[in-house]
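*Asks:* This is what each chain is made of:
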Amino acid sequence: MTDPLTLPEGQDSISLDRRSFLRTGLGGALLLGTISVTAGLSGCATSPAGRLGAVETRMDARYRFQFLTADDIKLFEALLPAILGSALPEQANARRMAIASTVERIDAGIHKFGPANQKELRQLFDLLNLGITRVTIARIWSPWPNVTTEQANGFLERWRSSSIGLLNNGYMALTKISNVAFYGYQENWHLSGYPGPPEWAVQALPQFRKA
Amino acid sequence: MSFNDRIAQGLESGWKVIDGARLTDNHTAEADVVIVGTGAGGGTTAEILAKSGLSVILVEEGRLYYQKDFKMDELTSYANLYQEGMSRTTKDGAIAILQGRCVGGSTTVNWTSSFRTPDATLNYWARQFGLEALSPAAMAPWFEGRETRHSMSPWEMAPNLNNDILRQGCEKLGFSWQVIPRNVKGCWNLGYCGVGCPTNAKQGALMTTIPGALDNNATLYHGLRAERLVMKQDKIDALQATAMASDGITPTNITVTLKAKHFVVAASAIGSPGLLLRSKLPDPYERVGKRSFIHPVNASVAQMPKLVDPFYGAPQSVYSDEFNFRNGVDGDAGYKLEVPPLHPAMSAGVVPGHGDEQAKNLAGLPWMQSVIALVRDGFHENSTGGTVSLRDDGSPMLDYPVSDYLWKGLRNAFYTMAEIQFAAGAKKVRLMHLDSDWYSSWADAKAAIDGFSMKPHRVRLFTAHQMGGCGMGSNPKESVVNGFGEHHQVNNLSVHDASIFPTSIGANPQLSVYALAARNSTRLAQRLKA
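Protein chains in written order, with our numbering: chain A, 5 to 215; chain B, 2 to 531.
No wet-lab data here; the hints were simulated from the structure. In this text, a Cβ means the ideal position worked out from N, Cα and C, and glycines have one as well. Fair warning: there could be bad hints in the mix.
Cβ pair distances, simulated, as ranges [what the hints assert, rightly or not]:
id, chain 1, residue 1, chain 2, residue 2, range
1, B, Asn27, A, Arg66, 29 to 37 Å
2, A, Pro52, B, Val180, 44 to 52 Å
3, A, Gln95, B, Thr251, 34 to 42 Å
4, B, Pro252, A, Glu191, 29 to 37 Å
5, A, Ala96, B, Asp248, 30 to 38 Å
6, B, Val180, A, Phe212, 49 to 57 Å
7, A, Asn150, B, Gly332, 56 to 64 Å
8, A, Gln95, B, Gly452, 26 to 34 Å
9, A, Ile168, B, Thr251, 49 to 57 Å
10, A, Ile168, B, Ser475, 53 to 61 Å
11, B, Gln179, A, Arg162, 55 to 63 Å
Here are the computed lysine-lysine pairs in the BS3-like style, where the Cα-Cα straight-line distance is at most 25 Å [stated by the list, open to error]:
id, chain 1, residue 1, chain 2, residue 2
12, B, Lys456, A, Lys214
13, B, Lys92, A, Lys123
14, B, Lys69, A, Lys214
15, B, Lys233, B, Lys478
16, B, Lys92, B, Lys530
17, B, Lys281, B, Lys17
18, B, Lys233, B, Lys530
19, B, Lys92, B, Lys236
20, B, Lys281, B, Lys236
A few chain A residues that don't get close to chain B, going by computed Cβ distances all over 12 Å [stated by the list, open to error]:
id, residue
21, Gly54
22, Arg66
23, Tyr67
24, Ala74
25, Lys78
26, Gln95
27, Met101
28, Val139
29, Thr140
30, Trp145
31, Ser146
32, Ala156
33, Ala177
34, Thr179
35, Lys180
36, Gln190
Next up, chain B with everything else stripped away, as it sits in the complex:
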């Protein structure tokens, strides 16, 4: 079968794409700029720099997967497209981390929600971190530009019932709700965004900026792990990288050395601090890996009287910000309400349980509806985030202690989610907590939540948004990079991903990453060509 998709055509036309698993000898290559990571940040940077005429090398640890591989199968996709085969967690195992690991990064597997950075967040950054240049007015053209580039607009089709139940519950209770903007073009409304878009409708990095960069002569290595940046005097001289075998996880003994005038790290909020730490780059105030944020997520599931089929249809199309900034930007923890898609493996992983009871729970999947709450972390003195450090083998891990401040927000979110589901007509509701039963009334659920022990492991927690760890700010004593993503200490290093956020965003972060990377890459291109 021949494929006419953007990637297959590009490969056919002679794009410079090198599979680390096929390398047989150590080698060295050189470009104006080496970019580590091919997600929202790396892809944007690569396209802008390559179009400006600079020579660019992109490095991706994961492999290149595209339409031919996207067969709407959870197990294959989780194993190949996600960090640690979807088993990544925080250090204590209490928070499951959903994060992409493939060309396109998390944009290849995200659920397409495309929000601008909230004004309240940008204004907080201006006040707290000296980032006045990132005001809502100054950022507006960058958001607009990226909304065009990635075909982002509010979802025009009717939401699936899974999402509509969130809308119905909010309507009943007088909570605000909105339609989610999505980055899709010609979407088939299938519901498989999280396992690699089977139709190429999703306009993530894989369908936009990566092809844009490769069309402009960039080189892409995939299956190549960035080990360390090597300094020579006060500058980075080279990136040392290791080729991975075709399983994507076993390192080979092939080494690639990539030299450049400038290096851009965009390896994610876990990967980027990890690379900087492994490289032992100057960090006089020990800021690398600190203030890592994750939008801690808790969840509630409901049994609805009607078939929901939560596995079909655009996974996220309705949200509520009723509780996100209700207590002010820096008051009690706020949370955004959204809906997750529920396919069998995802549901089996999210809903805790075993035995006959679990069999019964999952047999009810077609009638199941779920709401998730994304807690806005990093805006309060009792929410200072987690820490990325290195394991003995040099791999990065995130330690994220959940503070009492956040537990309070998570408990409030449990109340809200159950109340919304009952208001929308749920027969029963179960909170994702090891002590939760199915409750058949809002009063019962409320009483049970009052008594929940809010502790790691008992509360089931997730994160799909990793941010911070190389925070930006005007004061080098409190940050790793400046407001343009330029490293405070190393002149030829920039960081262009979600790791530079000084707090969480308060919304799904992809557009924030695209917009900042576009802004900072435009500046970088001017600087390098001067």
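Bound-form chain A, shown alone:
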């Protein structure tokens, strides 16, 4: 998408019709619906990213994105270091792999959410990806790929502590989807001290035996 959109002189940081925004649940969102349309017209990527090259996803070229767009992927690549913090590996390559595989599981999870919740997440992601709303509502001044972990964390803290329930809800949606996809994944179980299903049971149960 084209960026950056600059704020008109003297405009309040949350100047979009605040009351209509407040009325908007993550469901039944007139304003957000409009944003999704606008996002499409303004050149935001609005279709699922499909198969990205190995270089772009930095992981598995075989994974086919079913819901996340190229812009959504950039959004999560910017947010995940702030959401997962010290749970992410420090070593650069391992870190990239962990982020990329988490983004893939987020996509796979959202596919199973079904159409109604997908529509709401589309509105949330479009709001965060479209320059004007990213600046005014998320108060993130540069496109996501240029956002530092500190800035991403600042955004998450603002939405978490906001007195506007809708922003709290956006915070919960972003962090919950990410935390579940990350901590629920077998390779990350050790980060919560979870040893996995008891080995004796795995040995004894037919569904774990190879055909």
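Let chain A serve as the given structure and place chain B on it in line with the hints.
*Replies:* For chain B alone, kept in the frame of chain A given last:
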């Protein structure tokens, strides 16, 4: 690897089980009774009707998963076995809804707690809704029958530490506590009830009534979404259904028409009102979808000095009703205290947070203990429940505004849970509220809870029990069905699930659903065979 479980054997023996994803042409089928939903209500109904000699077709939107699929993995199970891949919420997103979506419905993923409907609830129904026929004495044989059918009995093994801490805290404070009856047979005490029982010990619909119905010649469609009931004159003529693709969520263009003499809707307290609304069935007093109840749940987590391993062992084995009916059935909001299992994804979804702090919180999972409070809604004029309505695409959604009456109960529950955890020796306690810190004493926690803003989104809320929306009662102006689950306006329609409860239950609802469905199906079989 060969499987010897009940489902694999049944499929091998030629059960009539049809996967919607494998249908290639539109088709029509006919039976004496078509049942929508295969959970506690639908399964019970199917077995009783099929055993009475009636021909039965069962329709399930979710897919058939069984032992071969139950690998104790959260992410796979949440994606496949739960409504909306575990992302279902109320309309405003403020309450997470845990609800099954597979053959066996929520009984395939519940935590096996098996309580009779409390006497106080049944007596309240008699007084308020003209349901004297459902008195505790009249219902007792039905509860007993279902307790036998589903192998329900108080858990005999020692509770895991997660549950025992609730017991210890209650003991210290002089609060009553009890052992939870569970519907299990030969349970391995693993702790994975919520992701599909890996050992077939859980005696939910999947291991009992569904096989019972299929053994008696019933037909099961899974991966088939009930779209609408079609009326012809004053009766329902057919159910129109859409086959789903093998991912379980993408509709195909294959349509199935199911005709029957009688239709039973048992598609849950969100699904059943949704189907009735989509079908535009007679609803002269606009009762469908009203008075929906959820036992709103809030939670507290504690850091314990000893390893808790809250992911292992029977998930629920101890409860306290100290505060459930303390203020009378219709006084200030009462709540039941229980414990949830804590696996990594569940914990990551329930404990709010991000960054280093969240990493630290979750690293403490083996020492984490949690208590939940289930608030008894629907018994007070300031607790009238939520409303199920349809989205533009026809899917049902629940709008559930939390009243001040309920917020007060939820705040009281925060106090109680923190007090119990400290009494049991917690080092620190954190309430599931966006403003909560970790508190290291009961006094600190109490002071913090005093100042909590009790608002949607800031208080983390959950529901695993959806009830009401097609409420029963003797007065058609105030209810959708009568005390036998028979629709007030449409003669060949019954509703046999938790949607008929006129209030919440005040306990985990599966046995209430099984018992009422058994009673009402026995009556229905007599009626249809007359």
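*Asks:* So, for every hint listed, does it hold in this structure?
*Replies:* Hint check:
1. Against the hinted window of 29 to 37 Å, the Cβ-Cβ separation of Asn27 of chain B and Arg66 of chain A comes to about 35 Å, which satisfies the hint.
2. For Pro52 of chain A and Val180 of chain B, the Cβ-Cβ distance of about 50 Å falls inside the hinted range of 44 to 52 Å, so the restraint holds.
3. Roughly 39 Å separates the CB atoms of Gln95 of chain A and Thr251 of chain B, a value that falls within the hinted 34 to 42 Å.
4. The hinted range of 29 to 37 Å is satisfied by Pro252 of chain B and Glu191 of chain A, whose Cβ atoms lie roughly 34 Å apart.
5. Taken as a hint, the range 30 to 38 Å holds for the pair Ala96 of chain A and Asp248 of chain B, whose Cβ atoms sit roughly 35 Å apart.
6. Between Val180 of chain B and Phe212 of chain A the beta carbon distance is about 31 Å. The supplied range of 49 to 57 Å is therefore violated.
7. For Asn150 of chain A paired with Gly332 of chain B, a C-beta distance near 57 Å keeps the hint of 56 to 64 Å intact.
8. In this structure the supplied range 26 to 34 Å is violated for Gln95 of chain A paired with Gly452 of chain B, their Cβ-Cβ distance being about 43 Å.
9. For Ile168 of chain A and Thr251 of chain B, the Cβ-Cβ distance of about 35 Å falls outside the hinted range of 49 to 57 Å, so the restraint is violated.
10. In this structure the supplied range 53 to 61 Å is violated for Ile168 of chain A paired with Ser475 of chain B, their Cβ-Cβ distance being about 45 Å.
11. Range check, Gln179 of chain B to Arg162 of chain A: Cβ separation about 45 Å, and the 55 to 63 Å hint is violated.
12. The hinted pair formed by Lys456 of chain B and Lys214 of chain A fails the criterion: a straight-line CA distance of about 50 Å is larger than 25 Å.
13. Distance restraint check for Lys92 of chain B and Lys123 of chain A: the Cα-Cα separation of roughly 13 Å lies within the 25 Å cut-off, and the hinted pair is therefore satisfied.
14. With a C-alpha separation of about 11 Å, the suggested pair Lys69 of chain B and Lys214 of chain A falls inside the 25 Å cut-off, and the hint holds.
15. For the hint linking Lys233 of chain B to Lys478 of chain B, the alpha-carbon distance of about 24 Å falls within 25 Å, and the restraint holds.
16. Only pairs whose Cα atoms come within 25 Å are accepted, and Lys92 of chain B paired with Lys530 of chain B is rejected, the gap being roughly 43 Å.
17. Restraint check for Lys281 of chain B and Lys17 of chain B: not satisfied, since their Cα atoms lie roughly 31 Å apart, outside the 25 Å limit.
18. Proposed proximity of Lys233 of chain B and Lys530 of chain B is supported: the alpha carbons are some 22 Å apart, at most 25 Å.
19. In summary, the hint linking Lys92 of chain B to Lys236 of chain B is not supported, as the alpha carbons are separated by about 33 Å, beyond the 25 Å threshold.
20. Straight-line distance between C-alpha atoms of Lys281 of chain B and Lys236 of chain B comes to about 13 Å, which keeps the hinted pair within the 25 Å bound.
21. Consistency note on Gly54 of chain A: stated as away from chain B, and its beta-carbon is indeed over 12 Å from all of that chain's, at 16 Å minimum.
22. The claim that Arg66 of chain A lies off the interface holds: its Cβ sits roughly 18 Å from the closest Cβ of chain B, which is beyond the 12 Å cut-off.
23. The claim that Tyr67 of chain A is not at the interface with chain B holds, since no C-beta of that chain comes within 12 Å of its own (minimum 15 Å).
24. Against the 12 Å criterion, Ala74 of chain A stays outside the reach of chain B, whose nearest CB is about 23 Å from its own CB.
25. Every C-beta of chain B lies more than 12 Å from that of Lys78 of chain A, the closest at about 19 Å, which supports listing it as non-interface.
26. Here Gln95 of chain A stays apart from chain B, with its beta-carbon at least about 16 Å from theirs, past the 12 Å limit.
27. With a least beta-carbon separation of about 18 Å from chain B, Met101 of chain A lies farther than 12 Å from that chain, consistent with its non-interface assignment.
28. Chain B leaves Val139 of chain A outside its interface by the beta-carbon criterion, the shortest separation being 22 Å against a cut-off of 12 Å.
29. Remark: the non-interface label on Thr140 of chain A is consistent with the geometry, its nearest Cβ contact in chain B lying 21 Å away (cut-off 12 Å).
30. For Trp145 of chain A, the non-interface assignment is confirmed: its Cβ lies about 21 Å from the closest Cβ of chain B, beyond the 12 Å cut-off.
31. Every CB of chain B is more than 12 Å from the CB of Ser146 of chain A (nearest about 21 Å), matching its label as outside the interface.
32. Not every C-beta of chain B lies more than 12 Å from that of Ala156 of chain A, the closest at about 10 Å, which undercuts listing it as non-interface.
33. Listed as outside the interface, Ala177 of chain A is inconsistent with that label: its C-beta sits roughly 7 Å from the nearest C-beta of chain B, within the 12 Å cut-off.
34. Against the 12 Å criterion, Thr179 of chain A falls within the reach of chain B, whose nearest CB is about 5 Å from its own CB.
35. A cut-off of 12 Å between C-beta atoms contradicts the statement that Lys180 of chain A is not in contact with chain B; the least separation is 5 Å.
36. Not every C-beta of chain B lies more than 12 Å from that of Gln190 of chain A, the closest at about 7 Å, which undercuts listing it as non-interface.
The structure fails to meet hints 6, 8, 9, 10, 11, 12, 16, 17, 19, 32, 33, 34, 35 and 36 from the earlier list, while all remaining hints are met.
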